[in-house]
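Going line by line, the protein sequences match chains U and A.
Just so you know, we're using the working numbering here: the first sequence kicks off at 1 and counts up by one.
Just so you know, we're using the working numbering here: the second sequence kicks off at 1 and counts up by one.
FYI, nobody ran anything at the bench for these hints, they're computed from the structure.
Beta carbons: idealized from backbone N, C-alpha and C, even for Gly.
Careful, some of the hints might be misleading.
[Said to hold, decoys possible] Covered by chain U, according to a simulated footprint, are these stretches of chain A (three or more residues, beta-carbon under 8 Å):
#, stretch
1, 10-17
2, 22-29
3, 65-78
4, 84-92
[What the hints assert, rightly or not] Simulated restraints on C-beta separations:
#, chain 1, residue 1, chain 2, residue 2, range
5, U, Thr2, A, Gly54, 47 to 57 Å
6, A, Glu5, U, Pro61, 37 to 47 Å
7, A, Pro81, U, Gly40, 43 to 53 Å
8, U, Ala96, A, Asn22, 40 to 50 Å
9, A, Asn55, U, Asn79, 27 to 37 Å
10, U, Asn79, A, Gln1, 17 to 27 Å
11, U, Gly99, A, Ser69, 23 to 33 Å
12, U, Gly3, A, Ser94, 33 to 43 Å
13, A, Gly96, U, Gly28, 14 to 24 Å
14, U, Leu67, A, Ser82, 16 to 26 Å
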Amino acid sequence: ETGVTQSPTHLIKTRGQQVTLRCSSQSGHNTVSWYQQALGQGPQFIFQYYREEENGRGNFPPRFSGLQFPNYSSELNVNALELDDSALYLCASSLAKQGAEQYFGPGTRLTVT
Amino acid sequence: QKEVEQDPGPLSVPEGAIVSLNCTYSNSAFQYFMWYRQYSRKGPELLMYTYSSGNKEDGRFTAQVDKSSKYISLFIRDSQPSDSATYLCASLLSGGYNKLIFGAGTRLAVHP
């Protein structure tokens, strides 16, 4: 059984640029959630994708957007990067959109300068 | 007030000690309560979770939820240096989708 994988591991971008982060869900899981974890904080929910549609969103502006593909892998896109977007971005997969068990990937560390 | 509150520590204990990690929450609608362990520069790893009130044991770990006081606890028996990590409590808000709401995490150091 393959766990959740994310790419890239690290990324450095300049303020105003756009970034795309990728996630492959655990085998058999059809739901992906994205979280942002600032240094010293717990992860904060960005949004969730189920069967290629966004079905829940946290308090993040529209410049945070996502996609889910037929194989359940997912992308997080962030436009017009700001310094405060520097964080660890985590994706978590679960068996169903209401599955209690969410399994996290290793994260992508984004630094915005 | 944050929905899930957790003392960030750090907590430093000798090897073999019993560790008690605690969180409080404010939303009565929460039904699932999770504990994740996060090593430095890694993603959170699900340790265990409980549904509603009660205890759950898994090896050296025991999770406890008291819904009347909105208190969540994780006990680690016979702590080991390999337990040194940040421990995140989370509550699950269920609905059309499931959203984890995390505490800030408690950093634990177990020294030999």
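(request) Check each numbered hint against the structure and report the violated ones by number, ascending. (result) Result: hints 1, 2, 3, 5, 6, 7, 8, 9, 10, 12, 14 break, sorted rising.
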